[in-house]
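K.L.:
Model the full assembly from the supplied sequences, consistent with the hints where possible.
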Amino acid sequence: MNPTIDKIKEISNEIYQDIISDKQPTVDMPLRSLNNVHYDPEVGYFELNGKLKSRTLTASTIKTFAQSLRMMELSKQVVETDDIVTKREAYYVSKNWGEARFKEQPESDNVMDDIEAMLMTNREQMGFIPEEKGGDIAGQLKVIDKDPDSGAEIKIDCTKMGSGAYSVPSSVEQLGFETKAKFILAIETAGMFQRLVKHNFWKKSNCILVSMGGVPTRACRRFIRRLSEENKLPVYAFTDGDIYGWCNIYRTLKVGSGNAAHINQYFCVPNASYFGITTNDISEYKLPTHPLKDVDIKRGKDALSNDPFIHAHKKWQKNIKDLIKLKVRCEQQALAAHGLNFVMSDYLPAKLENQKDWLD
Amino acid sequence: MKLNSDENTQENRQEVPVQAPEPTPEQASEPTPEQASEPTPEQASEPTPEPTLEPTSPPEKKVETSIAHELAKKQRDIGVAEFFARNRHLLGFDNKRKALMTTVKEAVDNSLDACEEAGILPELFIEIIDMGNERYRVTVEDNGPGIIKEQIPKIFGKLLYGSKFHSLKMSRGQQGIGISASVMYGQLTTGRHSKIKSRTSRNSSAQYYEVSIDTKKNMPLISKDHEIEWDKDHGTRIEIDLEGSYVGGALSVDEYLKETAICNPHATIVYTNPKAQQFIFARAIEEIPPPAVEIKPHPYGVELGVLIDMLSVTESRTLQSFLMTDFSRVGAGTAKQICENSALLPKTKPKKVSRDMAEALIKGIKKTKIMAPPTDCISPLGEDNITKGMRKEINAEYYVATTRPPSVYRGNPFIIECGIAYGGEQPGDKAARILRFANRVPLLYQGGACAISKSISSISWRPYGLNQSQNSPPNGPITIFVHMASVWVPFTSESKEAVAHYPEIIKETKLALQECGRKLSSYVRKKKRVKDEIKKRSYIEKYIPHVAIALQNLLGYTDADEMKVEESLKNILERARGQVEDLKFDPTKNADFDEEFAKIGKGSIDEETESDSDEQSDD
Chain A
1 MNPTIDKIKE
11 ISNEIYQDII
21 SDKQPTVDMP
31 LRSLNNVHYD
41 PEVGYFELNG
51 KLKSRTLTAS
61 TIKTFAQSLR
71 MMELSKQVVE
81 TDDIVTKREA
91 YYVSKNWGEA
101 RFKEQPESDN
111 VMDDIEAMLM
121 TNREQMGFIP
131 EEKGGDIAGQ
141 LKVIDKDPDS
151 GAEIKIDCTK
161 MGSGAYSVPS
171 SVEQLGFETK
181 AKFILAIETA
191 GMFQRLVKHN
201 FWKKSNCILV
211 SMGGVPTRAC
221 RRFIRRLSEE
231 NKLPVYAFTD
241 GDIYGWCNIY
251 RTLKVGSGNA
261 AHINQYFCVP
271 NASYFGITTN
281 DISEYKLPTH
291 PLKDVDIKRG
301 KDALSNDPFI
311 HAHKKWQKNI
321 KDLIKLKVRC
331 EQQALAAHGL
341 NFVMSDYLPA
351 KLENQKDWLD
Chain B
1 MKLNSDENTQ
11 ENRQEVPVQA
21 PEPTPEQASE
31 PTPEQASEPT
41 PEQASEPTPE
51 PTLEPTSPPE
61 KKVETSIAHE
71 LAKKQRDIGV
81 AEFFARNRHL
91 LGFDNKRKAL
101 MTTVKEAVDN
111 SLDACEEAGI
121 LPELFIEIID
131 MGNERYRVTV
141 EDNGPGIIKE
151 QIPKIFGKLL
161 YGSKFHSLKM
171 SRGQQGIGIS
181 ASVMYGQLTT
191 GRHSKIKSRT
201 SRNSSAQYYE
211 VSIDTKKNMP
221 LISKDHEIEW
231 DKDHGTRIEI
241 DLEGSYVGGA
251 LSVDEYLKET
261 AICNPHATIV
271 YTNPKAQQFI
281 FARAIEEIPP
291 PAVEIKPHPY
301 GVELGVLIDM
311 LSVTESRTLQ
321 SFLMTDFSRV
331 GAGTAKQICE
341 NSALLPKTKP
351 KKVSRDMAEA
361 LIKGIKKTKI
371 MAPPTDCISP
381 LGEDNITKGM
391 RKEINAEYYV
401 ATTRPPSVYR
411 GNPFIIECGI
421 AYGGEQPGDK
431 AARILRFANR
441 VPLLYQGGAC
451 AISKSISSIS
461 WRPYGLNQSQ
471 NSPPNGPITI
481 FVHMASVWVP
491 FTSESKEAVA
501 HYPEIIKETK
511 LALQECGRKL
521 SSYVRKKKRV
531 KDEIKKRSYI
541 EKYIPHVAIA
551 LQNLLGYTDA
561 DEMKVEESLK
571 NILERARGQV
581 EDLKFDPTKN
591 ADFDEEFAKI
601 GKGSIDEETE
611 SDSDEQSDD
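Chains A and B, in that order, give the protein sequences. Going by the working numbering, the residue at position 313 of the first sequence is 313; the numbering climbs one at a time, nothing skipped. Going by the working numbering, the residue at position 557 of the second sequence is 557; the numbering climbs one at a time, nothing skipped.
Please keep in mind that the hints were generated in silico from the structure rather than gathered at the bench. In this text, all values refer to a predicted model and were calculated from it rather than measured experimentally. Heads up, some of the hints might be wrong.
Pairs of lysine-lysine, DSSO-like flavour, derived with a Cα cap of 30 Å [said to hold, decoys possible]:
| id | chain 1 | residue 1 | chain 2 | residue 2 |
| --- | --- | --- | --- | --- |
| 1 | A | K63 | B | K531 |
| 2 | B | K542 | A | K7 |
| 3 | B | K570 | A | K53 |
| 4 | B | K542 | A | K23 |
| 5 | B | K570 | A | K103 |
| 6 | A | K76 | B | K542 |
| 7 | B | K542 | B | K526 |
| 8 | B | K570 | A | K76 |
| 9 | B | K527 | B | K570 |
| 10 | A | K103 | B | K542 |
P.N.:
As structure tokens, this is what we get:
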């Protein structure tokens with residue numbers, strides 16, 4: 001039997017037993033927030049504290065309760081038939097549930113996240129997959145996958161994508177890798193990725209390029225994690241020089257998120273290093289900047305006071321504080337001010353050489 | 001009254017020569033004597049024997065003189081009746097519809113006042129007959145004390161003749177204009193005289209009169225005058241033919257009489273409308289309201305002109321005794337104090353007090369601390385009667401009423417009472433219905449100009465759980481009842497439709513409304529809590545099956561088990577919530593509600609459509 005189904009049955013049976021013995025059923029799930037995680041650099045990712053959220057069946061929670069059970073029912077059905085259901089599809093399935101249907105997708109996503117945390121599993125195990133794609137890959141890599149019809153093994157050569165790229169699927173567990181690359185370069189924007197692909201940067205530097213497209217999806221994180229772990233490749237993150245690029249994109253890539261803390265263990269890349277744009281780079285390279293928005297400043301101050309990862313790294317604290325002092329931000333495309341290919345000819349090679357400038 | 005003198009002094013000043021020669025005794029009660037003493041400049045042109053102060057204009061200004069003479073020829077006396085005949089809107093005869101209502105109202109006011117003064121439980125018979133051609137015959141008959149023979153023509157055939165203007169006591173009529181104005185209006189529009197029958201006791205015979213008004217002279221014209229057989233022991237009956245228009249709806253005679261019944265639960269009113277529908281408003285209580293006590297004016301309320309007037313007619317020999325006998329709340333000490341503050345000798349003869357001295361006296365009064373006027377002269381309806389009346393008219397869920405302690409404006413004591421009926425069958429999306437009353441008389445017109453409406457709009461109703469746009473009455477399923485009782489209700493005009501904006505009156509009204517509002521809000525909040533609770537309970541009903549179905553699909557148990565789950569869940573959840581008080585509106589709970597009664601004045605559907613447009617143009 002599938003462990004996910006066992007878990008679903010176990011929880012629903014507990015609820016059932018409570019009800020027939022005239023007790024108010026209660027379910028516990030970990031509190032999904034940054035307040036309920038801690039960070040140990042030795043371990044390398046956000047780990048859950050013990051805080052639990054209890055949901056007791058009352059008149060005001062019965063709707064969510066009914067919806068959660070219905071969602072578990074859907075999951076069981078999907079897993080048993082070896083099918084998948086996207087988050088959006090799950091929302092539409094709920095339209096058959098009469099009064100228990102969801103009005104908007106965020107409601108169903110939230111219930112899904114709750115169940116995921118309650119079962120201490122990841123939603124892919126439950127048969128739920130996200131709508132978003134996992135990221136784009138180009139470079140010195142062969143991905144080993146199966147043909148969906150025949151099940152025959154196929155190899156996808158990421159050096160032969162021309163000006164395009166290989167797209168990471170939403171579930172990556174079944175993939176295998178063949179590579180001789182020296183490192184993985186995870187890039188924030190698709191634009192910068194395009195530039196590096198166009199000029200075959202991966203060939204010159206012998207690396208694998210990943211376009212994260214903002215905050216990396218779980219699949220993207222998992223893909224990088226497995227790729228780097230199984231082939232012992234270092235991961236370098238290249239983002240904008242702003243709070244979002246550091247505290248949201250890079251931090252999530254490296255140690256995971258508060259919201260999915262129960263599964264961070266598998267969905268983060270602890271051996272990632274940062275060599276995107278730092279506060280220091282802005283002055284050193286005399287890069288053009290934009291004023292820092294109020295939301296960015298707030299985000300930075302929140303990170304300084306609440307983010308366990310930032311707490312553990314003095315260098316990051318200094319970097320953020322300095323940026324807030326300067327009140328500017330800088331995009332990775334700003335390097336084009338010194339010539340379109342300055343990033344490949346000067347910036348990235350310099351970064352690769354000066355390991356002591358990297359941030360953890 | 002005020003109007004009369006204002007307008008006359010402007011238009012001409014020859015009141016004296018025409019009116020003075022008439023040797024009628026009631027002249028004393030007329031406002032004219034004041035004017036008689038005034039010197040009139042234009043008298044030169046009139047061939048009067050009186051000495052003139054400015055005989056002619058200086059001779060060198062000949063041109064102007066001749067124009068003045070020309071103008072003087074056109075200038076002539078305007079009788080008070082003539083004036084009101086032209087300005088009938090001032091008395092409530094603006095249009096045909098209102099004329100019909102005003103006529104009924106004036107007659108009913110008089111009848112109720114008369115019955116109460118005589119300590120008789122009122123029994124009124126009112127009939128309106130449609131005579132075709134927009135003519136109606138209004139008959140009002142009461143079981144009051146009747147009117148003695150000599151008084152009948154003056155009461156019905158002379159404007160500004162009455163007993164109430166000169167006394168300060170709580171009564172419906174105030175000015176002595178009303179019923180005679182109706183007689184005049186009837187005569188102007190139909191040419192017919194009004195017919196009056198009255199009998200004072202079993203021992204005297206009933207009198208029959210046909211009366212109209214000489215509008216030039218403001219004197220009754222008697223066309224018939226004889227004794228008549230009447231099976232009634234005492235009472236008065238008046239029959240007036242007039243041009244009018246009968247329409248149902250919120251401003252109709254039907255509505256007026258219904259509201260009169262609400263506010264006068266001691267009266268029985270039998271009413272037959274022009275459609276020959278008969279309504280019987282039976283009395284609900286057997287006690288006559290305590291007889292209204294007449295009080296003397298309070299010094300704080302007196303104005304200079306009135307004071308001079310009072311000084312000239314008083315029988316007191318000294319200023320001190322004048323103050324003590326002609327005013328309320330003035331004893332020997334206070335009287336001396338007033339004199340001292342006015343720098344006048346207490347022994348001054350009232351007749352010798354000059355205008356300047358009178359002015360000093362007014363100032364002195366203002367400086368002196370005088371006790372508030374007595375307030376036992378006002379009989380409020382009482383909270384019970386207000387809620388009783390509203391229960392009969394409105395099928396609501398919640399009723400509350402309050403009677404404020406007496407207060408004083410301009411030296412006149414008054415009491416504000418208010419009631420609120422909330423919820424039930426009242427529409428929730430419309431502006432509040434407002435019932436206004438003054439001295440037990442419903443006020444239907446001129447709501448916008450009334451201090452009562454202003455008070456209602458200036459209160460913030462949101463804290464009491466009602467919607468409201470700025471400076472408007474609240475919206476919601478609510479009826480607001482406000483009654484002002486006073487020895488003198490300050491109306492904005494002679495037609496007595498709106499209460500004037502005295503700050504003291506507005507303040508008291510607001511306090512009364514707020515008192516009711518607070519009680520209402522605790523009810524509204526409780527209702528909301530119960531509603532929320534019921535909603536939560538319906539939630540339980542809604543989602544229990546989903547929990548059960550999902551569990552069944554997850555665990556694969558039988559349908560019987562599913563039923564069991566549903567049942568257990570229901571028990572668990574409802575046990576946790578406890579009992580809920582049922583506040584749901586029960587239309588049959590209000591035993592006092594009288595559906596037929598409530599329909600009166602709302603008109604049937606076909607009436608409603610035509611009356612709607614009319615209402616808007618009227619108000």
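K.L.:
Run through the hints listed earlier and report the numbers of any the structure violates, in increasing order.
P.N.:
none
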